[in-house]
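K.L.:
Could you build the full structure based on these sequences and the hints that come with them?
Residue numbers (my numbering), protein chains in the order written: chain P, 134 to 337; chain S, 134 to 337; chain U, 134 to 337.
In case anyone wonders, no lab produced these hints; they're calculated from the structure.
Mixed in with the good hints, there may be bad ones.
Stated by the list, open to error - Here are the computed lysine-lysine pairs in the BS3-like style, where the Cα-Cα straight-line distance is at most 25 Å:
#1 K335/U - K335/S
#2 K266/S - K335/P
#3 K216/U - K177/U
#4 K216/P - K335/U
#5 K335/P - K335/S
#6 K335/P - K335/U
#7 K335/U - K266/U
#8 K335/S - K216/S
#9 K309/P - K309/U
Stated by the list, open to error - Partial list, derived from the structure: chain U residues whose beta carbon lies under 7 Å from chain P:
#10 R289
#11 A293
#12 F296
#13 A302
#14 T331
#15 V334
#16 K335
#17 S337
All figures in this text were calculated on a predicted structure; none of them were measured in a lab.
We put the CB at the ideal spot given by N, CA and C, even for glycine.
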Amino acid sequence: MRFTPRGTRFFDLLTDAARNLVTATAVLRDLIAAEPGEREPLAKRLHEVEHHGDELMHTIMVELNSSFVTPFDREDIQALAGKIDDVLDFMDTAADLAVLYRIEAFPPGTDVLVRVLSRAAELTAESMPGLAKVGELEPYWIEINELENEADRIYRRMLAHLFEPGGDALEVLKTKEVVEQFELAADAFEHVADVVQTIAVKES
Amino acid sequence: MRFTPRGTRFFDLLTDAARNLVTATAVLRDLIAAEPGEREPLAKRLHEVEHHGDELMHTIMVELNSSFVTPFDREDIQALAGKIDDVLDFMDTAADLAVLYRIEAFPPGTDVLVRVLSRAAELTAESMPGLAKVGELEPYWIEINELENEADRIYRRMLAHLFEPGGDALEVLKTKEVVEQFELAADAFEHVADVVQTIAVKES
Amino acid sequence: MRFTPRGTRFFDLLTDAARNLVTATAVLRDLIAAEPGEREPLAKRLHEVEHHGDELMHTIMVELNSSFVTPFDREDIQALAGKIDDVLDFMDTAADLAVLYRIEAFPPGTDVLVRVLSRAAELTAESMPGLAKVGELEPYWIEINELENEADRIYRRMLAHLFEPGGDALEVLKTKEVVEQFELAADAFEHVADVVQTIAVKES
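P.N.:
Next comes the structure, spelled out in structure tokens:
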């Protein structure tokens, strides 16, 4: 028997890490709605959320190294925690670059894109407790794939708009750099779901 | 004994998925030769090819989840199917962006780059039936590596040409975005070959 | 018992591959300090270093395929060699693009960024012989993570500077393309360390 009560500790920690992503998307929503001059304290707040994520990641690694029994292969739990951390990194980078590059405005569509990220974060947080029955998480990874496709469509339309003739190329270049982080965050949510699907395939 | 007749079903499905890449590169060749106004139906055709690839991927996953015996580790078959799917996604994205960004013209060299992708697709399709004797596929992954290097060289020269002074920066930016997908597709063919090589190493 | 004297051969080869990265960063430091007209022979020199890395990679693969006993899972040794090779590829690409795109000057901060890469290379080379006691390499992967964060900070500030209004967008675009390779090299050092950490987790 591979699943033991001990395993629930990992599911709790991964759920905490995913809930932290919900917190991060809430800060992001405030940040993209804020005036340029008001972005810095929100970027700092997001950086604290990212730091909390690092601590959770560290706790998971310590737990992994001290547990004799793990609910899945050790490297899969590590991969899950690592991919959740990647999502957070992209969000943190978006906020950091928005401040650093002093971009004038987030392009139209940014709010829709960040709403997709919010939904992906909530869905991930709701699904982590279900890792104990990983084979039943198919609806989760299917919806995450749909959300990633939606994020992709929104992102491409935003770029098509940015690239329209007459724009300032340098401003376009740096705005693209910031908005790209949101698209990378959507990809990273899909990579979390890919690991879950790989675990389900192994267990089947 | 790990290899059973059952396994041939996976090799057939992976071969189908690789053949679908050959179809995709044929559509791409038409698309980059077409007038801007004629690109949209070809992008739609490529999207259908991509949808067929998704169905094959789904069939492989269902098969994986219902098979008691698999020719390789389940996660390696999943990885192979996933990497083949990545190639298709980059091709589909290239076509989609070419239409969406209304790029004026594909830069000189695009046809050479797409011919390299055609060759990589054919080679991959020819090699998948050989998975039963994966240790003998070394010539396949060596040639794929060479093709990726060639794609890289062509891509860099195309960019050097695009970056020459006097160009319209916004047009350069969006053309680069489209052509980059071809280079990413060449990388993705290499990632397919990397998984094959990893399977061969495990089996050795 | 999984560790045998045979295993030390792999650790020696991986150490050689990591030392080759130290050589590469030394060439890079010369290249970014050189006049534009003097870059080509240094890019050629770096290409030879990259070729030597390919040979080491090949030797490791041959060794893997002919060894009955390996100190870690075969695919993890392959992954380690592959990730070290990735670092080298990014450095080689940076040099190649600097010549090909004829960039006017490396932006301020490039020397600091390349110094971080030098330190990461030295640290990796010092740590590879410690693979025999992989659980004790935690200080290595922690410092690599710190170096990657530092590289990230430097890179972002360089971009913020490049993006300042008044710059030539095409020159910015191609300079970013070159400098990005240094940042990707720093990421790739972290991916080497990630594999080491994964091995340590498996062994714990």
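K.L.:
Please list, smallest to largest, the hint numbers that this structure does not respect.
P.N.:
none
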